[in-house]
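Undergrad: In case you want the letters, here they are:
Number of protein chains: 2
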Amino acid sequence: MKRIGFIGVGIMGKSMVRNLMKQGYEVSIYARTKEKVVDVLEEGAIWCDSIAECSKGQDAVLTIVGYPKDVEEVYFAETGILANANPGTYVIDMTTSTPKLAAKIYETAKEKGIIALDAPVTGGDTGAKAGTLAILVGSDKDAFDACHPIFEAMGKNIVYMGHAGMGQHAKMANQIAIAGTIAGVTECLVYAKNVGLDPQTLLGAISTGAAGSFQMTNVVPRVLDGDLAPGFFMKHFIKDMAIASEEAKDHNTTLDILDHVLAIYKELEEKGLGDLGTQGLIKHYEE
Amino acid sequence: MKRIGFIGVGIMGKSMVRNLMKQGYEVSIYARTKEKVVDVLEEGAIWCDSIAECSKGQDAVLTIVGYPKDVEEVYFAETGILANANPGTYVIDMTTSTPKLAAKIYETAKEKGIIALDAPVTGGDTGAKAGTLAILVGSDKDAFDACHPIFEAMGKNIVYMGHAGMGQHAKMANQIAIAGTIAGVTECLVYAKNVGLDPQTLLGAISTGAAGSFQMTNVVPRVLDGDLAPGFFMKHFIKDMAIASEEAKDHNTTLDILDHVLAIYKELEEKGLGDLGTQGLIKHYEE
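Note that the protein sequences, when read in sequence, are chains A and B. Going by my numbering, the first residue of the first sequence is number 1, and it counts up by one from there. Going by my numbering, the first residue of the second sequence is number 1, and it counts up by one from there.
Careful: at least some of the hints might be erroneous.
Stated by the list, open to error - In the SDA-like style, the derived pairs of lysine to any residue whose C-alpha atoms are separated by at most 25 angstroms in a straight line are:
1) 56(A) with 88(A)
2) 193(A) with 68(B)
3) 283(A) with 68(B)
Hints listed in this document are in silico derivations from the structure and should not be mistaken for laboratory results.
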């Protein structure tokens with residue numbers, strides 16, 4: 001495989017496109033606003049005027065867009081991927097989206113001789129940049145094996161999770177863990193500040209112990225620097241948690257803490273803070 | 001310093017006594033039930049029939065007992081540490097207890113020429129065994145420096161947090177982070193099982209990424225092995241979270257997620273599960 005179409009060139013997508021080009025892939029891109037992707041075009045990506053154009057004649061088409069409704073449109077519109085990709089194309093949705101939609105794309109693609117994979121990622125903007133994303137893949141095992149070199153260009157921990165949709169389920173499990181963890185480390189920081197501890201000293205003391213986490217090590221320092229800019233958008237995390245909560249309920253499972261963290265984030269979003277990074281959770285405690 | 005009295009030879013305490021003896025300290029111990037500490041006595045610890053006996057003529061007296069009321073008794077009883085330790089003795093409470101009690105011990109000790117430190121630890125049974133505990137110390141900086149070699153025998157990350165009580169505050173911050181984190185990883189595991197993911201594969205995929213934490217890496221595998229035995233007792237974690245919640249409120253801070261996790265654990269305790277390890281949280285989701 002050599003020719004890749006890439007749709008959704010945002011914070012994450014740009015780094016992924018760069019890493020694909022570094023490995024010699026010929027990457028065609030489509031974005032809603034061309035101005036925003038001038039940098040990667042200058043670095044060698046090929047511009048497409050439409051999703052249809054970006055889907056035709058590729059070995060694989062990769063997508064990483066915002067919401068399930070965007071995924072739905074990009075795949076199922078008349079001008080979308082499934083109507084325009086050649087039979088035999090691998091179409092890989094790396095958006096965090098619903099397991100149900102992943103299964104639907106897989107089935108529809110199959111009827112057209114197209115092979116769909118769900119392959120959401122974790123590792124955030126830093127992982128995308130460093131090419132160290134974890135990639136959680138659902139589809140047929142053969143399809144996973146065939147696309148492995150593409151995944152390897154972008155990530156380090158590339159794991160086959162099972163049939164179509166299981167990549168998304170794995171990502172949901174990941175987001176559920178993050179929800180509790182980011183709440184815990186945020187409340188830890190709030191407490192530390194309010195009782196008069198030096199947060200930096202505290203972090204140095206506890207971040208390698210039983211309280212330690214990626215969230216503590218990577219997110220708390222941003223908060224301490226007053227940096228609430230999105231590495232990962234709060235509004236996207238809310239979308240993910242809402243999917244996870246619903247999927248859990250579909251499986252007769254209530255995740256109390258997930259639902260509580262989601263409720264707090266939704267309050268922040270209603271106050272217009274959805275464009276902050278997930279670390280903006282601190283705002284809930286600062287009123 | 002050479003002679004150490006050690007009171008509270010439980011899961012953690014035994015490992016700590018062993019590590020002190022390994023560094024050449026002469027360790028006298030007191031425990032409520034002698035039979036339970038026969039192993040460390042055979043390894044060279046000296047038996048004392050009372051706390052008073054264990055407090056006299058020592059360079060330092062270390063305590064790691066269960067609850068603040070135990071700390072109160074061990075320090076303030078007529079037969080306790082402060083009434084019996086020689087002036088100049090360092091008395092170090094390594095129990096996770098209240099910042100207020102730590103300050104009270106410090107003040108009372110000072111009147112008697114005794115130097116008190118609060119030095120709760122983190123790292124659990126495995127950290128105690130390996131001598132890699134984090135030790136969070138509150139007291140005068142001079143006292144911290146004087147006791148540093150003792151701490152070094154038991155821990156790796158030994159941090160001065162500030163005046164008396166600040167070690168306890170740091171430990172509270174630590175427990176607050178754990179509360180959210182353990183809830184997140186437990187709900188992650190519950191979700192994974194219920195949607196049909198293979199938990200081991202999932203852990204391999206996500207534990208080094210943004211969802212990763214000590215709790216995920218060290219606690220979830222115990223749950224998967226069906227091992228809910230206490231590395232750290234649920235009932236002690238409940239005590240810690242209750243102190244943290246109260247201290248937060250004293251500082252005009254409501255920690256929503258901490259309070260919610262605490263409420264769930266209390267329910268489990270009311271069902272008679274307080275003697276499980278903290279990973280027993282999974283029981284909440286298994287009904």
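Undergrad: Confirm or reject each hint.
TA: Structure-based check of each hint:
1. Using a Cα cut-off of 25 angstroms, the hinted pair residue 56(A) and residue 88(A) holds, with the two alpha carbons roughly 11 angstroms apart.
2. Restraint check: the Cα-Cα separation between residue 193(A) and residue 68(B) comes to about 24 angstroms, which is no more than 25 angstroms; the hinted pair holds.
3. Between the alpha carbons of residue 283(A) and residue 68(B) the distance comes to roughly 33 angstroms, so the proposed pair goes past 25 angstroms and is violated.
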